[in-house]
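The sequence shown begins at 19 in this note's numbering and counts up one residue at a time.
A couple of the hints might just be wrong.
Capping the alpha-carbon separation at 20 Å, the derived lysine to aspartate or glutamate pairs in EDC-like fashion look like this [said to hold, decoys possible]: (1) K350 x D67; (2) K310 x E247; (3) K102 x E84; (4) K102 x D125; (5) K231 x D205; (6) K310 x D336; (7) K350 x D205; (8) K231 x E198; (9) K350 x D123; (10) K310 x D222; (11) K231 x D255; (12) K102 x E171; (13) K221 x D123; (14) K350 x E107; (15) K350 x D313; (16) K221 x D326; (17) K310 x D295; (18) K102 x E247; (19) K102 x E74; (20) K350 x D295; (21) K221 x D255; (22) K102 x E168; (23) K221 x D205; (24) K102 x E140; (25) K310 x D123; (26) K231 x E262; (27) K231 x E340; (28) K231 x D211; (29) K310 x E268.
Ranges between beta-carbon positions, derived for each pair [what the hints assert, rightly or not]: (30) T232 x A266: 37 to 43 Å; (31) W297 x R145: 41 to 47 Å; (32) E168 x R292: 19 to 25 Å; (33) D67 x P351: 40 to 46 Å; (34) P351 x L43: 38 to 44 Å; (35) L230 x P287: 45 to 51 Å; (36) R292 x G131: 51 to 57 Å; (37) N27 x A228: 20 to 26 Å; (38) N27 x P199: 34 to 40 Å; (39) P195 x A228: 45 to 51 Å; (40) P258 x R145: 39 to 45 Å.
Hints listed in this document are in silico derivations from the structure and should not be mistaken for laboratory results.
All values reported here derive from a predicted model rather than from experimental measurement.
All C-beta atoms in this analysis are idealised placements derived from N, C-alpha and C, irrespective of residue type, glycine included.
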Amino acid sequence: MSEQAVASNSLYASWQILRAEQPHLRARDAAALLSVSEAELTASRLTVDTVRLRPEWASLLPALGELGQVMALTRNAYCVHERKGVYREVTVAGNGQMGLVVSADIDLRLFLGGWASVFAVEEPGPRGVLRSVQVFDQQGVAVHKVYLTEQSESAAWAPLVERFRDEQQSAELELIPLAEPTPRRADEQIDTDALRVGWSTLKDTHHFFALLKTHGATRTQALRLAGREWAEALAPDALPGLFERAAATEVPIMVFVGNRHCIQIHTGPVSNLRWMDTWFNVLDPQFNLHLKAHDIHELWRVRKPSSDGVITSWEAFDAQGELILQLFGARKPGVPEREDWRRLAEETPALNA
19 MSEQAVASNS
29 LYASWQILRA
39 EQPHLRARDA
49 AALLSVSEAE
59 LTASRLTVDT
69 VRLRPEWASL
79 LPALGELGQV
89 MALTRNAYCV
99 HERKGVYREV
109 TVAGNGQMGL
119 VVSADIDLRL
129 FLGGWASVFA
139 VEEPGPRGVL
149 RSVQVFDQQG
159 VAVHKVYLTE
169 QSESAAWAPL
179 VERFRDEQQS
189 AELELIPLAE
199 PTPRRADEQI
209 DTDALRVGWS
219 TLKDTHHFFA
229 LLKTHGATRT
239 QALRLAGREW
249 AEALAPDALP
259 GLFERAAATE
269 VPIMVFVGNR
279 HCIQIHTGPV
289 SNLRWMDTWF
299 NVLDPQFNLH
309 LKAHDIHELW
319 RVRKPSSDGV
329 ITSWEAFDAQ
339 GELILQLFGA
349 RKPGVPERED
359 WRRLAEETPA
369 LNA
């Protein structure tokens with residue numbers, strides 16, 4: 019047996035001991051306790067209940083449609099976004115770096131250049147075997163997962179796994195450290211006047227990232243410098259209240275949650291809202307959200323001009339300035355923002371400057 023196989027078996031054994039002690043422990047948290055990545059933890063299951071698949075995104079992603087209704091899951095450190103639906107209308111760019119899923123239910127923006135490994139997992143659970151396809155990045159962090167549901171085409175699972183099975187069922191992963199972030203520029207190094215002019219002349223909200231790059235500003239830094247016309251700080255604990263008002267008034271919203279390599283979007287109403295310990299949850303039949311609400315460090319009301327008029331969002335950030343989630347009113351390109359959403363988004367008082 020190779021050293022890699024021995025290490026993998028040892029890791030799997032350690033994990034099982036940990037699971038016996040903490041049966042409800044999630045894989046992400048178990049990996050942290052065992053000082054490994056979640057991808058390494060998942061790879062330790064090979065020959066037990068997991069198969070390594072070939073990372074052929076242009077063919078694998080459309081093939082997920084064969085599974086029928088599934089639950090797509092994308093998360094970051096503080097928020098989990100789960101949406102049921104069918105994988106359809108999948109597009110992968112010719113260079114293989116970008117992808118889209120734009121169905122009415124599952125709506126994804128895929129940054130495939132950072133996707134590295136993928137596994138098919140069949141995990142025994144209290145309700146039977148839980149089947150999933152799990153994707154990890156070059157650091158071993160989970161990017162995106164797709165779970166079968168009771169309504170899935172379960173007969174399609176085994177043929178799909180066999181079709182994409184990697185010939186090398188190796189637990190070895192070529193993980194690389196995350197590159198050091200570019201040092202943040204001080205506020206006085208940013209040309210604030212030029213930033214504000216660039217902001218005021220935006221024609222599309224998707225151009226915002228290019229604006230940040232042009233001026234060398236971080237996202238929260240740009241919000242601070244843009245001026246109250248475009249961005250206002252809100253009390254970080256105000257976010258659940260916006261969900262509650264949207265639910266009470268049945269205003270459909272767009273909920274964006276992502277990580278470095280995947281953004282997942284829910285469009286529609288929310289209704290069943292519930293606190294569980296420190297987690298704020300949306301528990302609707304087709305959409306679940308789990309938010310560590312007390313870890314929101316900054317919350318902003320943001321207004322961006324576009325060819326369809328001003329687009330208003332709420333944006334929540336962690337202590338490192340990383341985006342946790344964004345909320346918009348439900349809309350499509352070419353359609354102005356909903357007035358009922360704008361009223362909801364605007365009625366919360368901003369913090370004093």
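Q | Index of numbered hints that the structure contradicts, given in increasing order | A | 1, 2, 7, 10, 11, 13, 15, 18, 19, 20, 21, 23, 25, 26, 29, 31, 35, 36, 37, 39, 40
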